[in-house]
Structures are given as C-alpha cells and as structure tokens.
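> Chain order of the listed sequences is A and W.
For the first sequence, this note's numbering gives the first residue as 1, with consecutive numbering after it.
For the second sequence, this note's numbering gives the first residue as 1001, with consecutive numbering after it.
Mixed in with the good hints there might be a few duds.
Simulated pairs of lysine-lysine, BS3-like, Cα-Cα distance not exceeding 30 Å [said to hold, decoys possible]: (1) K1120(W) - K1065(W); (2) K121(A) - K250(A); (3) K121(A) - K1120(W); (4) K1065(W) - K121(A).
Here are some, though not all, of the chain A residues that point toward chain W, as calculated from beta-carbon distances under 7 Å [said to hold, decoys possible]: (5) A97; (6) P130; (7) A174; (8) D196; (9) A207; (10) V230; (11) S232.
Note that these hints are calculated values from the structure, not bench results.
For every residue, glycine included, the Cβ atom is placed at its ideal position computed from N, Cα and C.
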Amino acid sequence: MSDRSQMVFTSGDQLLQATTRRRFLGMLSVGGAIVLLPGVFAACNNDDDNDTGTNPTGTPYKLDLSTDIGILNYAYALEQLEAAYYTSALTSAGFAALSANEQEVLSDLQKHEVIHREFFKQVLGSAAIPTIAFNATTVGTLTASRDVLLRTSQLLEDTGVSAYNGAGKYLTSAAYLLIAGKIVSVEARHAAAIRDIRDGANGRLFAGDDVVDASGLDVKAEPDTVLAGVVSLNVVTSPLTIGTLPAQSKRTPDKAAPTPQ
Amino acid sequence: MNTQSILDEIEPDMVERLAERKNEIDQGSPAPSGIVTALAIGSVPIALAALSRNVYGQTLPAAIKSVLDFALALEIFENEFYKAVLGTSSSAAQNAAFAPVRALAAGVPGAVNTLQQIQKHEAAHVATLLATGATNVFNLDATTFDFTGNRSAGGGGAFAKATTDLPFLLEVAQGAEDTGVRAYKGQAANLMSNSAILEAALRIHSVEARHAARIRRMRRAAANAPTDVRYSGTVRGGERAAAGGTDLGPNPTAVGAAFDKIYGAGANATTAPSESNTTHGGINVTSLAAAQFGTAAAQEAFDEPLDRADVVAIVQPFFIPTIS
C-alpha cells in the first residue's frame, strides 16, 4: 500500500492504469485523500443559459446531456458531421483516387449518414439543434488524397462507435436506446469496412487491437471527450458545446477512437 | 464544477472493505476466477461490482444475470465454432471435421488472420461475460455443439458443407455474427438498470458488427459475388435475401429457412422487425425528403433487433443440449 497521504488525478485515464488503481483503492483503505482535478471530467460549463431546445436565447448549439433529447442532439450533431464530410468527399480528389469498390463503400456511407442525420432531425423536431456550419477549407484538406480521405473516414466512424457506446448508458428511454443500438452497429460496419480497405491483405485491422481491447470490448468515449476531439479536427465552425454533462455517477474510463496509423 | 466520482456513491467503510478484499486477492487469497479476471479488466465499475458481490454476497438481479447467461451461451458457441475452424478446439473430432475448409482458408490472403482475430474476440467475450457474473448454465463446451445443424454428435446436418467449402463457411460465419448483433441489440434494454453492464454489452455488440462486416467483404471479394453483398459491410434486404447470394447447399429448404430466421422478422414483428424494415421510432426513413436514396440504402442504414426466443430458434439446431 502507498504511504503517501494524497493522490492527485489530472485525467480520467489515470483511473484505468493498474498501478494507479491499486494505489487508489489502497489509499482509500487507509483514509488517504483523493484529489480529482477538473481534467478528470473534462470541461464543465457552469453557464446554464439555454440548453438545447428549451430556452431560445443564447447559443442554440449548447447540449444538455442530462436529458434524452440532449443525448439525441449529440448524436444528431455527430451524424451532421459525418454526412457533411462524406457528401463533400464524393466530389473530392481523394474519392476520384479510389478504386470502384472503394467508391462503392464511400457512396454507401454517405447515403447512410445522410439518412441518419435526417432521421434524427425528424425525431427531434422542434427540439433539434440547428444545422451545424462546417469549415469547407478544412474538409477540403481532409478529402484531398485517398490516404487522408480513408484515415479521416476511419477516425469519424470509430469516433461514432465510441460516442454511441459511451452515451447509451445515459439514455432513460428504452425506445431511444434501441434507436441508438440500430445505428451504432451500422457505424461499426462502416468502421470495419474503411479499416479493411486500408488493411490490404493483412485481415485484422477491421477490428484491430487498437480498437478492440483484451476484454473484447470496442471503443467508448464520454461525450465531452468526443466533442473535444471533434472540435480539435477544426471542421465545425458552429459553437458546439456542452451545457450540462450527463450523470457523472455513471461515467466510465474512456477507450477513445485511436488516431489512424 | 461537479467532481463527483463513481466512488462517492459508495459508503466509505464499504470502499475500505472492498479495498481490503482487493489487496487480499492481489496477495493470493483464494477467489473465484471470475473475480480475478474482473479485477484485470480495464473497467473500474465492473471490477467494483464484482468485488462488491464477492464481499457482500450480493447477486446480480435475476433479469440481468439471465441476459448475461444467454449472451455467454452464444459467445461459447461462436468461440467453439471458430476454434474448430482454426483447428484449435479441445475436440479433436471438431478440428478434424473442419480440416478441409481450413486448408482452403489458408490459401486466401488474410483469411486465417481474420478468423484468428474473430476467435480471439469471442474467447475474450466469454471471459468478460464470466467476469461480469454470467454462468455457463447450459454446461456448454467444445463437445456440446453440432456445427452441421443436426443437434447430433454425429453431424450430418444441413450445414455440413461448411466443413469443406469456404464460401459456404463464410455464409455460416456471417449468419452467426449477424445473429449475434441482432441478439445483443434485442437485449440491451434489459440491461438498462446497470449502466456498466449495459455499456460492456454495447461494446461487445459493436465488435460483432465489425466481424460481420469483414466477412461480408470477404464474400463480396469472391468472383461473381452478388453486388447486394455490400463492400460497406451493411445489410441490404430481409429474410434470406439479406444473407446475399446465398448458396443453400444440398438442403436448400433447411438452409433457406435458417437465413429467413436470421434476417427476417421474429415471432413479434413489432419488437423484432425484418432487416428489410425502414420504419424506426414511427418514422419511415424512405419518406425523408432530404434523404431520398431508395429502399436499399434505407434498409442498410439501420440494423434490427431479435428477441431472445427468436435467437434460440435460430441457434438451437447447433446446440446439442436444449437452451432457452
């Protein structure tokens, strides 16, 4: 057992490391102090003006993830991103460089993501966040070659899988959970297909060790992790933020979508 | 700023007791292997739940355990299937049965790697489900399956062609994986009262979907494969058509009926729609003005659940003991 009197955590990932976890539990048994710095739960926004779909003032892209509607808007935002990316990709230099079979995949993905987007828009109705604006220049860069197109597609699909897997537990409606379930397996098929294109004849990347861990579990990420990653892509120009986090008592350590190698 | 953590929800002396117990186990105190595995899994909530049950003798709610037991049965089935194909089963007879198709797979670049990767995951799913609290209530092992679909140690069923024909083997594997996706999807709502277990189930469910997609792509890559088997790995159509260009083998009635069950509606078409379904949450997606891509794309964009009894009906022919 550790004989230090205090442990300080700066990130949620630390809870996942075996040595940290052992010390953590040992600390508690001797009445040590645990300090969880803000980075453990990522950015919280104390600003409580208009979360999505309720109060018309202030930014309409602010997500209230403590409600099912907020979680669906989160999914809608991600589907908007994928749909916009693939739609742009269809007329890109990267797409033109793909083989016919590869183009079939990207074409299918574009159709499916647009369908997902329009489905959520319809489900949410007046509670939907508005259409998100995207940075055409950045999207252009991310579709400029076969390589960057496939890497970005892989990242988007793995991120989608991680987002649905991490958000499902926060839904209170079984009907909405089923909807999320019907979509996440399709995103996983997409992810496997893109990975398999990039894999050549190796035959493992579709569900590689970078996404499926030793327990056989796929990626999952908390909404704040996913949105931070999306923002870092620099493709979204609308102010997409979290107004209220989901119930942190249910939070779990992330296994986020990896950067494509 | 809310710094509440999962451990804040637990009484301090309970946490202390859990920590003491964990230290005892780490230092070699006897513990069920499921606990040891749970502690090794990178999921603090699952580890704490397992420790809690070990220390306080709590049991999982019966409804949740039932789902986990069922999932475990399916994962043992898949794991034993792939081990037989790869020749690593503890049953010499099963390994021998699949030797011909195994040799064929070795001639296709990446095929054996794929089968190994899938089997690795299925084995991991077995371990994870045990660690989460499932038990092997049907007493399944390498000898309790008939992969020809005749519930007999002697085989002879409609799917025997899978032992000698690689395209047919891939059809069967695809059917198994797609059944797994539909099964987990249909059970998710039953796990909502335990967020850590629900999340683990979702994370297994998406892995099975990856498997299914890769197998579809392998099938599509074969000469003269039908274009309905999408390179995107998604499922077009319903009933046996959704299996895609299926070779129904020497017993087409039985094999066709099996694929009708895997990809069709379950006994309750409301709770278990056909894979051809395009209406979700009351919305027919083919009617969405800004998403007019035709029926096929609409079918591919969503996967469908199956209820437990439907899955049992699909897989029972491959299980020698009766399952439920």
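> Against each hint, give a clear statement of whether it holds in the structure.
Status of each hint after checking the structure:
For the suggested pair K1120(W) and K1065(W), the alpha carbons sit about 24 Å apart, so the restraint of at most 30 Å is met. Restraint check: the Cα-Cα separation between K121(A) and K250(A) comes to about 27 Å, which is no more than 30 Å; the hinted pair holds. Taking the CA atoms of K121(A) and K1120(W), the gap is about 39 Å. The hint is violated against a cut of 30 Å. The hinted pair formed by K1065(W) and K121(A) fails the criterion: a straight-line CA distance of about 37 Å is larger than 30 Å.
The restraint placing A97(A) at the interface with chain W is violated, with a minimum CB-CB distance near 17 Å, outside the 7 Å limit. Evaluation of the P130(A) hint against chain W yields a violated restraint, the C-beta minimum of about 15 Å exceeding 7 Å. Checking A174(A) against chain W by beta carbon gives a least distance of about 4 Å; that is within 7 Å, so the hint holds. Given the 7 Å rule on beta carbons, the hint for D196(A) holds: about 5 Å separates it from the nearest Cβ of chain W.
Given the 7 Å rule on beta carbons, the hint for A207(A) holds: about 4 Å separates it from the nearest Cβ of chain W. Hint status for V230(A) relative to chain W: violated, with the closest Cβ pair at about 19 Å, above 7 Å. Checking S232(A) against chain W by beta carbon gives a least distance of about 22 Å; that is not within 7 Å, so the hint is violated.
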